[in-house]
Amino acid sequence: MNLRSKVFKFTWKVSYGVLSGILWYLLYVYIIPGLLAAVGLPFEEAPEFFMFLLAFFIALQTSASLLENLVYRFLLNSLTKTLGLWLLFSLLNDGILSTSRSAEGITVNMTIDLTPILFLLASWTFTTILLDLVGSMSKPYL
Amino acid sequence: MRGFVFVALSLAFLGIGTILVAPMAQFIYEEYSNPRTFYIDSGYTQHNSTHVELSFTIGYNGTVPLDDFDAKIWFGENVAEAKTATLTRGQTIVSKMLLPTAEAESLSTVKARVKFVLAGIYPIEILVTQS
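From first to last, the protein sequence lines are chains A and B. Oh and the first sequence: position 122 is 122 in the numbering used here, straight run, nothing missing. Oh and the second sequence: position 112 is 112 in the numbering used here, straight run, nothing missing.
The reader is advised that the hints may include incorrect statements.
Said to hold, decoys possible - The calculated label-pair distances, taken between Cβ atoms and stated as ranges, are:
1. Phe43/A x Lys111/B: 23 to 31 Å
2. Leu23/A x Glu81/B: 27 to 35 Å
3. Ser98/A x Phe6/B: 14 to 22 Å
4. Asp68/B x Leu67/A: 46 to 54 Å
5. Lys13/A x Ile19/B: 32 to 40 Å
6. Glu77/B x Leu23/A: 51 to 59 Å
Unchecked claim - Listed next, the stretches of chain A that the computed footprint assigns to chain B, with coverage defined by at least 3 CB atoms under 8 Å from CB atoms of chain B:
7. 100–112
8. 119–128
Keep in mind the hints are simulated off the structure, nothing from the lab. Virtual Cβ for every residue (Gly too), placed ideally from N, Cα, C.
Can you make the complete structure from the sequences, with help from the hints?
Pasting the structure below:
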């Protein structure tokens, strides 16, 4: 492999890592909560410090993309997804959403338990991790 | 192949997610479009010279069933409760209580708590306090 193709391969892997890091971050921090908010559920927006975690997602996915070792790659991919799930859980307050309104001496508090949705999202995340594990153990994939 | 399996799996979960979220979306939409989808009406009549009879009518016009429905209304120390296994469209529950007239006149705080499980999936609790 000449230098040019090596540089191309490296650039491709870095770009893939950066893009997949951004995608996983957007999915867990904005897209899934955004879809649930579109239904009309009262969610708070992601706090500003969550933006710093974007760098962490990009670093994890870029490392996973550059590494040749399947075990390390699997571990980094799993870490990205688990971190995303953890952020999502904290954004959705572990599935317990509360909202409060006050007007003319009347206070209304409403609490909704959304844990079934979180169970589904956790199942999806861990199933994709399992899929990665199967992929790491059997080459070619499936 | 890996990408195909991932997409197929994600679509399957998205389908389940849509089915899971649909009752919640339907309930919220109905509540927004018609504020009297779920309502509590109250009234009172003079029972005798010493007591008044308070009555509460809880009604529901939504399409999503409300399971394990439990409503409690506190008037000071007195509690009125209305329960049913499932509250469905067009159904009303009436609860009555007798309150001494003097106590009814001096009431300063009224509290209501409504608990139900939306479509048997989402437990919801609504607490209303008037002071």
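These are the hints, each one checked on the structure:
no.	hint	verdict
1	Phe43/A x Lys111/B: 23 to 31 Å	holds, 27 Å
2	Leu23/A x Glu81/B: 27 to 35 Å	violated, 51 Å
3	Ser98/A x Phe6/B: 14 to 22 Å	violated, 35 Å
4	Asp68/B x Leu67/A: 46 to 54 Å	holds, 51 Å
5	Lys13/A x Ile19/B: 32 to 40 Å	holds, 38 Å
6	Glu77/B x Leu23/A: 51 to 59 Å	holds, 58 Å
7	100–112	holds (count 8)
8	119–128	holds (count 6)
Of the hints listed earlier, those the structure fails to meet are numbers 2 and 3, in rising order.
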